[in-house]
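Number of protein chains: 2
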Amino acid sequence: MKNTSIEIVIIEDEEDILELVEYHLQKSGFETMGFLSTQNVEQFLEEENPSLMIIDRNLPECEGSEFVAELRKYGCNIPVIFLTAKDRDEDIEEGFIRGGDDYITKPFKPKELVLRVQALLRRSGITSNEKIKYRDLILDIPNRTLTIENNLVELTNLEFKLLHTFIKNPNITLDREFLRDEIWGENGANFNDKTINVTINRLKKKIDPTGEKEYFIPVWGVGYKLG
Amino acid sequence: MKNTSIEIVIIEDEEDILELVEYHLQKSGFETMGFLSTQNVEQFLEEENPSLMIIDRNLPECEGSEFVAELRKYGCNIPVIFLTAKDRDEDIEEGFIRGGDDYITKPFKPKELVLRVQALLRRSGITSNEKIKYRDLILDIPNRTLTIENNLVELTNLEFKLLHTFIKNPNITLDREFLRDEIWGENGANFNDKTINVTINRLKKKIDPTGEKEYFIPVWGVGYKLG
DNA sequence: ATAAGTTGATAACAGATTGATAACAAATAT
DNA sequence: ATATTTGTTATCAATCTGTTATCAACTTAT
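Top line first, the protein sequences correspond to chains H and E.
Here the first sequence is numbered in our numbering, starting from 7 and rising by one per residue.
Here the second sequence is numbered in our numbering, starting from 7 and rising by one per residue.
Note that these hints are calculated values from the structure, not bench results.
Some hints could be false.
For identical chains, the list gives no copy identity; a pair is met inside one copy or between any two copies.
Keeping only pairs whose Cα atoms sit at most 27 Å apart, straight-line, the calculated DSS-like set for lysine-lysine is [said to hold, decoys possible]:
#1 117 x 33
#2 219 x 174
#3 79 x 139
#4 112 x 92
#5 92 x 211
#6 231 x 210
#7 139 x 117
Work out the full structure, taking the sequences as your base and the hints as a guide.
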């Protein structure tokens, strides 16, 4: 399953509204992640690096704009849209001062919400979050990191390139010649084919030390494929 | 708070409103340039490169959103806020679709307008009146100063540019080529890649002498990223 | 079924590459 | 003229990556 789409976090304690927002965003091609409170959101932000946040202000335990201010204090720069019933002038001002990018008051028009999301993403220079997922692997291309079940796994440059190539081509057997050209390029003239085995092996050990997940399936006499 | 050098174009055919908008923006430190129609605006954009545009839709001879769509077609990427009485759902949608970044309906609250202008400028990377934070670093762009835990840290011009570039691109590994282009520019033709190491190192030592905070994480064979 | 041959897995090693750091020199600004 | 900034070079240290050797697994021919 390939995914290069844009992910949006929504924090809203009223379930129907949360569902409504998620429905419209998904319909427009966004991936969404809903939360009923700010709990666990910070962890999620770190792990997933979503592209945008929509947040209510009247949340249980935590006031939405204070939460955003806190995030900003720690350098989190995610685009934020407040979606809230708090519509007094002072409320709106506070929302922007605390780091919001846009402020929509309830009741809201779903179509306008989507357009404002798109406008904000455009202006933030976000076209796609460039994350590729495969089974429980999450490859963050610009960040050059691999996350497996919320654990960061360190990869070398070569290993990253190799894994990227495989995840870009799932369910396809990549033969040794292809891998040599793709990963090692031209200078692989006098190139020991065992090098591929060794490199795959090192990668295997890093992302699946126990060997139980069988990510790389050897295809005899040909190459490997991702399983 | 000074916003010298940030210039905002306002296109509005009702003179009182134009004056009102200009008054509030100037009070917040912006330079303004008002137009009663779209006439001569294009020429002004080319010559002055203003940072933001506020535009009415019901203008004599020309519909504001069509004007913006036209600008966009020719590659003009200036942040645009519509300020208009056209408040039907379809009007608002049209405003965003034609390239607007924000949409404010009349009657409007001047304070909110200013805040929306500031938010949009911030998000557009026009930060000269802003501070950028990352972890415990506070970068004051107009003053070109760095504060760490309330201590002023002296940076050279080059170091400031480098740190700014990294903070503008969090969660992204910046490769050596990008850094060379971005920081050193074109004249880096015969350019020793070790220069990057050395410069990063000097910066590291200034902002984290003990090396315990690990701001700059080397990515082997690629570049660095902010940690 | 089995043995021979081929291919892949794994570990250890060594060379190569890359980054860190310090010292120096050139350039620039004050 | 002096101080500061910036680029270069040299040395050292860390890490990567290709090679080799050995063992294990698979294929095929008999």
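Checking residue 117 and residue 33: alpha-carbon separation at most 27 Å within a copy, between copies, both or neither? So residue 117 and residue 33 pass the 27 Å test inside one copy only (11 Å; across, 35 Å).
Since the copies are identical, ignore which copy is meant and state whether residue 219 and residue 174 lie within 27 Å (CA to CA) inside a copy, between copies, both or neither. within (19 Å within a copy, 35 Å between copies)
Check residue 231 against residue 210 for me: Cα-Cα at most 27 Å, and say if that holds within a copy, between copies, both or neither. So residue 231 and residue 210 pass the 27 Å test inside a copy (12 Å) and across (25 Å) alike.
27 Å Cα cut-off: does residue 139 pair with residue 117 within a copy, between copies, both or neither? Classified as within; 25 Å inside a copy, 33 Å across copies.
Up to 27 Å between alpha-carbons, please classify residue 112 paired with residue 92: within, between, both or neither. Close inside one copy (8 Å) and across copies (20 Å); limit 27 Å.
Between the shortest in-copy and the shortest cross-copy C-alpha distance, which are at most 27 Å for residue 79 and residue 139: within, between, both, or neither? between (30 Å within a copy, 7 Å between copies)
Which holds for residue 92 with residue 211 at a C-alpha limit of 27 Å: within a copy, between copies, both or neither? So residue 92 and residue 211 fail the 27 Å test inside a copy (52 Å) and across (46 Å) alike.
In this structure, only the earlier hint numbered 5 is contradicted, and the remaining ones agree with it.
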